[in-house]
Amino acid sequence: AQSVTQLGSHVSVSEGALVLLRCNYSSSVPPYLFWYVQYPNQGLQLLLKYTTGATLVKGINGFEAEFKKSETSFHLTKPSAHMSDAAEYFCAVKENSGYALNFGKGTSLLVTP
Amino acid sequence: DTGVSQDPRHKITKRGQNVTFRCDPISEHNRLYWYRQTLGQGPEFLTYFQNEAQLEKSRLLSDRFSAERPKGSFSTLEIQRTEQGDSAMYLCASSLPAIQGLLAKNIQYFGAGTRLSVL
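Protein sequence lines, in the order shown, are assigned to chains A and B. Residue numbers for the first sequence follow the working numbering, beginning at 1 and rising by one. Residue numbers for the second sequence follow the working numbering, beginning at 1001 and rising by one.
Calculated directly from the structure, the hints in this document are not laboratory data. In this text the structure is predicted, and so the values were computed from the model without any measurement. Do not take every clue at face value.
[Said to hold, decoys possible] The list that follows gives simulated cross-link-like pairs (lysine-lysine, DSSO-like), each with its CA atoms no further than 30 Å apart:
id: 1; chain 1: A; residue 1: LYS58; chain 2: A; residue 2: LYS105
id: 2; chain 1: A; residue 1: LYS105; chain 2: B; residue 2: LYS1011
id: 3; chain 1: A; residue 1: LYS68; chain 2: A; residue 2: LYS105
id: 4; chain 1: B; residue 1: LYS1057; chain 2: A; residue 2: LYS49
id: 5; chain 1: A; residue 1: LYS68; chain 2: A; residue 2: LYS58
id: 6; chain 1: B; residue 1: LYS1071; chain 2: B; residue 2: LYS1057
id: 7; chain 1: A; residue 1: LYS49; chain 2: A; residue 2: LYS105
id: 8; chain 1: A; residue 1: LYS58; chain 2: A; residue 2: LYS69
id: 9; chain 1: B; residue 1: LYS1071; chain 2: A; residue 2: LYS105
id: 10; chain 1: B; residue 1: LYS1057; chain 2: A; residue 2: LYS105
Chain A extracted, bound-state conformation (with noise of 0.2 Å):
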């Protein structure tokens, strides 16, 4: 079965740093993984996705996310963080078989100034 890990529960960052949240996947075949951001009390919003194709993908809020299926790692990435940034960050495969779609435990982002 498809699945993520996500590395690092929280992830601290001073404001105007690097962001890296870190995924790594597990399937037996080539999978549909997303980032999804949830800001508190308030539902999921998709940030990227990877599908098939360019392995590097940009998503909203200038984060982007590169495919790497050597490394099995799908980590999300931002070159300068912004307060509003701060949000917990879900990583998630889609099962290939199913409809579902199966997350990690989140990363929680805090960005100080």
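We have chain A already, so just place chain B on it with the hints.
Coordinates of chain B only, in the frame set by chain A:
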């Protein structure tokens, strides 16, 4: 496009009571999903509808949980005889039909969720 709508946003109930949550998907989306999210965890898939057909329900947490989508539009999730362990955020998501293209049907759009507290 008004997004996925869930009602109520918050529900407080006593143990043993039944609760029902409603989800209205994005209007042209025929696929609908329910997830549960507990504190500090990612969402956990519960069930899936394509139009009015419930194609996956084996991952509903117990027989106290049931879901319906009678006319292929809105859906309800019911929990009978609630327990304190049912306290969680219940999220609904929807996606486009397969005919819209492979990429489109794999993108799930989430509602704001219903937060359930069982006392």
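Hints, verified against the model:
1. A/LYS58 - A/LYS105: Holds. A/LYS58 to A/LYS105 sits at ~23 Å (cutoff 30 Å).
2. A/LYS105 - B/LYS1011: Answer holds: A/LYS105 to B/LYS1011 is near 24 Å, not above 30 Å.
3. A/LYS68 - A/LYS105: 21 Å, holds
4. B/LYS1057 - A/LYS49: 26 Å, holds
5. A/LYS68 - A/LYS58: The hint holds at about 15 Å.
6. B/LYS1071 - B/LYS1057: This hinted pair holds, its Cα atoms lying about 18 Å apart.
7. A/LYS49 - A/LYS105: 18 Å, holds
8. A/LYS58 - A/LYS69: Holds, at roughly 17 Å.
9. B/LYS1071 - A/LYS105: 34 Å, violated
10. B/LYS1057 - A/LYS105: With a Cα-Cα distance of about 23 Å, the restraint between B/LYS1057 and A/LYS105 holds, given a limit of 30 Å.
Consistency note: the structure conflicts with earlier hint 9 alone.
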